[in-house]
Each structure stands twice: as structure tokens, then as C-alpha cells.
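K.L.:
The hints should help you fit chain B onto chain A, whose structure is shown.
Heads up: the sequence lines are chains A and B, in that order.
Position 61 (the first sequence) corresponds to 61 in this note's numbering; numbering is contiguous.
Position 103 (the second sequence) corresponds to 103 in this note's numbering; numbering is contiguous.
The reader is advised that the hints may include incorrect statements.
Stated by the list, open to error - Label-pair distances were calculated between CB atoms; the ranges are:
#1 B:Glu199 x A:Gly124: 19 to 27 Å
#2 A:Gly27 x B:Ile330: 36 to 44 Å
#3 A:Ala22 x B:Ala406: 53 to 61 Å
#4 B:Lys215 x A:Glu331: 50 to 58 Å
#5 B:Glu470 x A:Gly124: 26 to 34 Å
#6 B:Ser319 x A:Gly124: 49 to 57 Å
#7 B:Glu199 x A:Ile210: 50 to 58 Å
#8 A:Asp408 x B:Gly409: 58 to 66 Å
#9 B:Glu236 x A:Met496: 41 to 49 Å
#10 B:Thr286 x A:Gly59: 55 to 63 Å
#11 B:Ala9 x A:Pro259: 54 to 62 Å
#12 A:Thr229 x B:Ser100: 52 to 60 Å
Calculated directly from the structure, the hints in this document are not laboratory data.
If you're wondering where the values come from, they're calculated on a predicted model, not measured in any experiment.
The C-beta atom is built at its ideal place from N, Cα and C for all residues, glycine as well.
2 protein chains.
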Amino acid sequence: MSDRIANPALRAKVMSPDEAAALIQPGDNVGMSGFTGAGYPKAVPLALADRIHAFRTHGHDFRIGVWTGASTAPELDGALAEADGIELRLPYQSDPVSRSKINSGLMEYIDVHLSHVAQMAWEGFLGKLDVALVEVAGITAEGHLIPSSSIGNNKTWIDLADKVILEVNSWQPEQLQGMHDVYYGTALPPNRKPVMILEAGDRIGVPHFICPPEKIVGIVETHAPDRNTAFKAIDEDSRAIAEHFIDFLDHEVRAGRMPAGLLPLQSGVGNIANAVLAGLGESGRTGLTAYTEVLQDGMLDLLESGTIRLASATAFSLSPAGVERFLAGIEFFRERIILRPQEISNHPEVIRRLGVVASNGMIEADIYGNVNSTHIMGSRIQNGIGGSGDFARNAFISTFVTPSTAKDGALSCIVPMVSHVDHTEHDVDVIITEQGLADLRGLAPRRRAERVIANCAHPDYRPMLEDYTERAGKGAWGLQTPHLLGEALSWHRRFMDTGSMRAH
Amino acid sequence: MSDRIANPALRAKVMSPDEAAALIQPGDNVGMSGFTGAGYPKAVPLALADRIHAFRTHGHDFRIGVWTGASTAPELDGALAEADGIELRLPYQSDPVSRSKINSGLMEYIDVHLSHVAQMAWEGFLGKLDVALVEVAGITAEGHLIPSSSIGNNKTWIDLADKVILEVNSWQPEQLQGMHDVYYGTALPPNRKPVMILEAGDRIGVPHFICPPEKIVGIVETHAPDRNTAFKAIDEDSRAIAEHFIDFLDHEVRAGRMPAGLLPLQSGVGNIANAVLAGLGESGRTGLTAYTEVLQDGMLDLLESGTIRLASATAFSLSPAGVERFLAGIEFFRERIILRPQEISNHPEVIRRLGVVASNGMIEADIYGNVNSTHIMGSRIQNGIGGSGDFARNAFISTFVTPSTAKDGALSCIVPMVSHVDHTEHDVDVIITEQGLADLRGLAPRRRAERVIANCAHPDYRPMLEDYTERAGKGAWGLQTPHLLGEALSWHRRFMDTGSMRAH
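The following block holds chain A by itself, in its conformation from the complex:
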């Protein structure tokens, strides 16, 4: 037994993953930890998948509701989806097995703004939360739970569930203790109070979760790494997008619309986000802040160089190399990183007050500035909206980024009409591809179309878009947002029919 469980009464509750999984029953709703492959339970979901298989073998069905922070890993989403053990999944996933089950109609999935999840669970219409299954980094002598490498909705799951199962993961650094800020002041209306964060680094909570010991029905010890996907080297498109983004920030500073220290930055996850961070590191700026969801490797560089002085998020998403660097410099990083519950990291009130500059990836944008973040060909879910809506609607400037094409050019990411809308024309300020940047602020729809086509579309598709726009300007039912409805989604149909959006 590791020394991570300092409370003697709770040490007595240590059990095997199988014993813990046996505490979860068919039909239960289980609130699990996990956000972007960090801090998810690593042993009990696998044992639960075995339990589900065994039930199935004996002719009994076994499905549960799985609520998380955001995406997890193959040991959780993958294993449970593979076992057909998930009846309903929310609020975000990115697992290939899970995605395939959802798009085959075998699993229900509710794609929710990440800041809304806790409120929805408290409100009760998602049903009762039976079990919380939460990874922690340790338990103090007083019985406080030290959060792991993500917070997500863990505070809410622990508060709401009848039964709490903990995984104490000794792989997570003990020094995480003190980095978290768990706010216990949320409430349902009419009892809500202002969330008094006035700067990205303000602390308003406590560094641990509070859980009545009698609710803790089992504790499982693990020593297992987070998913920690290695990042690919930054590719040329990502670098070009990052350059456009950083030029834009410089332009806004010169125009007097942003202070020289910028405003708190939110950045999505992945290659483009890392390229933006790398670019910022080369920009010579210092003393910036981040108010974001996830801390990637690039953020460690910027904290070390002083480009960023403080980063607030709800989770890490580091590569294996990033984890080593984080551990080596953990005393330094402790002073500069705050992890918060996702209802606070993504809180509309705070995002708007701080004036966050948001940057999120997307699947496609249309010429009028509507953005599809979630559905391929309008029907097939990719991952989910995640926090992009929390940030886009409330940000001071909301940018969306994508390479101008996908599938080796067979897909244009700038289309006449998006096949699904997650962010409306009212919430998209700036679109960036490797081709360039379209600042849509203060432009009526037809002006936006000109700029998106000229600045962002791939040259291969630009003439087709110009042709559509010209004909729509003559044949549309109205000229505020001219569309030819028989043709607006034809690019997607052509791709499904021929494998390419190209006309020929």
C-alpha cells in the first residue's frame, strides 16, 4: 500500500478494482473524472468492462450512463464502449471506439457546453448520479482529497453521488497538492453569487475536494500514467496559422484595442494550439496570462521563458516528455499554474469579465462565418463542442482556426454553408487558415463572404466559392445572406458521392 492515503479510516477502504467495479450496478449513472486524457480513473473502468462482459455472457444486459469532465482514454471510454456498456455518454468524447458506436446508433451521446454540465447535473433532469468514480493524487490525514492532473466536474460528482469510489494514483506527483483551486461557492439560482475572479490568477476556493467519509465506499490504488499522447512536430500549416494569429494580436495592440500585455489567452488542444504557443514564445512578449481549459506542452515553455506568467486551466494535457519536464520543474510551475473546476475555467461570467482571447479549432466554416465544430457531413459526430462555445460567445475576440483543406485537398474547410452549426455568425469574430486571416468584426454578411473567400479559402476552391457567391447574389430569396438552398449543401453531397468536394 502506498503512503498516499494518510487518513487511517480511509486506508481501511482500499480494495481491488474488481471489488470496486462490483459496487456499480446496471443502470447506474456514474460521474467519472477525466479531462483531455488527464486524471481519469485507470483501473476500475477496465474491471467494470470485464464485469459487463461477464453479465453479457450470462445473458444479462449491463449499461451505465457515463458523465465525465471531457475526453478520457482507451482504458475508460474505449473499454466501456467496446463492451457496449454505455447507454448514454456526456458531455464530450474523442475516443474512436466510442465515436463509432455513437455514429452507428448504438450509444446515445449528449454534446454539451462544458460549463453547463455541473448546472445540468445539479438541476436533476439528467437523472440521479449514483456513483462518483474519481482519480485523486492522494488523501490527507484530515480526509481531504488531493485532486489529480485534471479537475473537470469532480467536485460536482463527489457532491452529488450517493457513493464515491476513489482511485489513488501514486504516478501523479504528490506536489500537485496546492495547485488546485476548488470553488465551493456555486449554487443554483436564486442563490447564485458573483464569481469573484478579477484576474486569471485569483484564487477563490480551497486546494482539495471535501467528501463526507461515509460516502466513500471504496478506494483503489493505482500507479499508472495519464494518456499523455505525444505531440507531432509542428507542421507547416499550423505554423502559418499561428503566424497569422500572432500578427493579428500585434495588429490589435497597435490599433489600441488590446493592451501590450494582451488579454488572457484561451487556446484549444492540438497541433495548431501548440504552434500558436511556440509562436508566442518567439514573439518577445512577456508577462502574459492564460485563462483556458487545458495546459499543453507549449505552455510549459512559455511559463519557463516568462512569456506567460500565469496559466489557469482545468486540466493538463502533456506528452510523456512534457510530463518529465513538468516533474523536473514542479516547484517552479506550482507558483504559476492553477487548476479549477471546469464550471469555473469555462464560466461565461469570468470569460467575459477577463476579456479572454479565444482560439478554437473547427471542422469547417462557411462564407458567412458560421462554424461547424462537431459533425462530419452534418450527421456524424467527431468529438463534441467542448468548451468552444463557452469561450466563443463570451470572449473579447473569438477566433476559429483550421487548415483550409482536409483529406489531401478533397475537403474544403471553407464551404458555402456548413452542414451543422455550433457557432453562429453572431459569435465568430475571426477565421484563420494557413492561407490567411479574415477579421469579420463589424462586417455585414456579404462583406464577410468576400473576406473569408479571399483570405481563408484554398486557391483550388476559391473560384468555386466566388461562383456560388455571385450566383447567390442574383438568385437568392433575399440579399442579406444570399444562399441557393438547392446548392448550399451540394459540396458535402458531392464529397459523399465522389470522395471529393471538387467540381471536376
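P.N.:
Here is chain B on its own, set in the frame of chain A:
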């Protein structure tokens, strides 16, 4: 000269509407008062339209940018649009002449969340605001400006403009003085502070606008009524929708998800909203509050009966009969009504904190819960998004209402895919038609479709929707949100081709 101008120095600035209009130059951006036909300037825009005609006659072009609170009236939007005097209009309009010019491509229109307008103007990318043209109810001896029957963006226009032109309208009751709460604490980030409204009735500002007298370049006296459209009698569909809405509120209270005193109500404008208010009056509830944009006649009934104890808004929108009742009871209403700037009445932070129950009209919804509030057949703007997005995204419960059909049944307001998205599936909790109510909270998309079709669609269109859903469930590219892209917008195409969405 009326006695509404108590400040002697400012009395000296009184001039004719023509003299005031001569202070507005071609190319100017003019921030005008006016919100839902209340408190708009009534003399200078007409004189300006004449000035524009005269310029045109002499071969000179004359166009301005018109920024308002929301919709105005024929004397403003109608007259200036008729004169082709508006280059760019924002953030909302509902005038038939203006609408026609926009949809003919003769006027640019930016359709903006009403809470975002002030921030956008301060940020500067809309360009310089040259003139503020604002109706007030009077000027105090100290030179404070007493707001009129709407506040809208007037505080921002007065702060930002180089030159301020006032219309002092003695038709507006003097007793408006003290009803307003003008908050002077907004700022651009990084200087934003919490907006400390914790209950709908909290006052955080001053009852007047502050304007350096040297900026006031002209004052015009008027005595003219607001637009004050008479409301139609409540029709059967509106009554049915209101009943479903009120049943739902009762259900939420019984389920323990809302206190017996409900949560602050937001209601849109028009017949359905008035029917909801009438229904609330008959419900026996007392002590409710409203945190909304506009106060219609029905709100006066509820305040008088005690159903509602306090109403916060940014504007009145009363019928002529409503104006008389308001004047007759003005001392009573003064204690129970607060008018605020629209950046506060619609502030995401406050709406979310208070837990507002939102109810907004729409053009159409689709089976998956996406809502079109603005565009007919995807291209032609009707009015604009107004405050519906401010409320829908941040409300505790966001409802959208419409009769199930329009144009004598030729249009179904429930369609396979909306032709324009203003509110995404992530932001629409409840859809209500006269047929019934679909509570979409906590449902995956295919479940939503079942419920919307069964509860909300008109029986004439229900089989067509079921048929689409069934075939999409087999032929779609993925089953999260099954669509047949070749057919998803075919109902709209059929209407444009044949005059009806019906199959035959």
C-alpha cells in the same frame, strides 16, 4: 419653449430640427436612441431625410451609419431607409422599408447580440461614432439628462460621440425621472469588474445620463408620442402556447427544479408574450420578478395585480391604451419598474446569475432543436437576433415559441433542418407550439427529434417529418444527428417553388 430644460446654458442650445439635422454630415456614424419603438428621436431623423433628399437632388450622395438600441419607428428607420440614407444599420431593425432595402442589397445590416453592441462600439472596430442623437424626457438644472421611455445604448452613444444632439420630448412623462438605473461601471478588459446585480431589482447606477455640456451641439424640443402599436387581441394559438408554457413552469416547481416564486422571467415581444403574461396573471402566483428587455401592456396588469412585484427592462413597448394606464398609475409603477442600459438588461453575467427563464419567438425550429430567429428561406432577413441569444445561452431555461405553421399552413415552423441557425442545439432547452411542448433537456439528438415531431409539429406535417426521420436513420452518413443532405432543405425549396411546404 417647454419647461423640460431646467439648465439655462443648455436652453440656449435649442434649435429647429432642420438646424440640428444640418449638424450631421455625409459619412457620419450616428448613435440614435430607440428600442422597440420607444424613446427614439422623432423630429431630427425626418429633417435629416429631407436634407438627404435635397443633397440627392443636387447630385450628391448622403449616407450615414445608423446605430440604435434596437427597432425604432417609421419616422426614423422608415424615413431614412426610404431616402436611401443608411449605408450601414445595426444592431436590430423591424421596419418594412428598411427590411426591403436590406434584402434588395441596397443597405448593409449587421445583426448583433444586443448585449454586445456597446462593447463593440467601445472597441472601435465599427469606426468612429460622430454624433449621438438621443431623445430624453428632460434636462435637470445641473445638466443631467433624464432618460426617456427606453435606454438602449444611449449611455454609450453619449459617452462615445464627438457631438451630442438631444431631442427633449415633453410628451414623455416627467415622472419617468428616477425610474432608470444607468450603470457607469462598465469598461473594456482588463478593467472590467463584476456587475453586482444579485436580484432583479438591485440598483447599481444613477438615474440619469451624464454628458459634458460642451459636447451638446443642439437641442430640439418635441411633443410626440412613441410608436405605441396597438396589440391584437390574444389569438387561440398564442393562448395555447401560453398554457403549455405555464404548465411547464408549474411542472418544474413540482419537480423541485424551480422555487414557487419562480425565477426572473424574460419574455420576448408580441402576441405570444402578452398571452403568457395574461396566463401568469390567471395562475394565482404572486411576488414574481421579470428581468427582461421590454415591458409590454401585459406587464402592467401583472404589476397591478401583484403577480409580478418587480420588472427590470431597457424599454417600454406599450399600446396607446397601455400608455394611458401607465400614466394614470405612474407613482405605483415607479416603485416597481427599473429601466437599464441594454448592456445590463441583457448582460450574460447577470442573466446567468439570476437564473432567468427565457422565452423568445422564432421563425422555425428543426427536429434536432436548432432555431432560426432571423432569416426567411435562409437568405432574407426578417428583423434580427435581438436579445434572444443573450438570454438563450445564459438562461436557466431557454424556451422558444412559435405557432406550428405560418402562411395559413403553407409553412411548417418545424422543419427537417433550419435554413439559418441563430440558436444551436446546445442552447435550446424547450420548444413550444400550440400543439404542445417539447422539453429537450438531457436528450440526445434522435430523442429530441421524436419529441419535437410528436409534441410540436402540426399534424399535417407530422407524417412527413416522421418519414424524413425514418429514412435519415437509415441513409445518413452518421447516426448522431441523421440528415439526408440532399433533402434537408427541400421543404424550403418546395415553398419557394410552389408556395407551400406540403408534399402536394
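K.L.:
Does each hint fit the structure? Answer for all of them.
P.N.:
Now the hints, each set against the structure:
1. At about 24 Å, the beta-carbon gap between Glu199 of chain B and Gly124 of chain A stays in the expected band of 19 to 27 Å.
2. The hinted window of 36 to 44 Å between Gly27 of chain A and Ile330 of chain B is violated, with their beta carbons roughly 59 Å apart.
3. Against the hinted window of 53 to 61 Å, the Cβ-Cβ separation of Ala22 of chain A and Ala406 of chain B comes to about 57 Å, which satisfies the hint.
4. Between Lys215 of chain B and Glu331 of chain A the beta carbon distance is about 56 Å. The supplied range of 50 to 58 Å therefore holds.
5. Evaluation of the 26 to 34 Å hint for Glu470 of chain B and Gly124 of chain A yields a pass: the beta carbon distance comes to about 32 Å.
6. For the pair Ser319 of chain B and Gly124 of chain A, the supplied restraint of 49 to 57 Å is violated, since their beta-carbon distance comes to about 41 Å.
7. Between Glu199 of chain B and Ile210 of chain A the Cβ separation comes to about 29 Å, which falls outside the hinted range of 50 to 58 Å.
8. At about 48 Å, the beta-carbon gap between Asp408 of chain A and Gly409 of chain B misses the expected band of 58 to 66 Å.
9. Taking the beta carbon of each, Glu236 of chain B and Met496 of chain A are about 44 Å apart, inside 41 to 49 Å as hinted.
10. At about 57 Å, the CB distance of Thr286 of chain B to Gly59 of chain A agrees with the hint of 55 to 63 Å.
11. In this structure, Ala9 of chain B and Pro259 of chain A break the distance hint of 54 to 62 Å, their C-beta atoms being roughly 38 Å apart.
12. Separation of Thr229 of chain A from Ser100 of chain B is about 55 Å and conforms to the stated range, judged on CB atoms against 52 to 60 Å.
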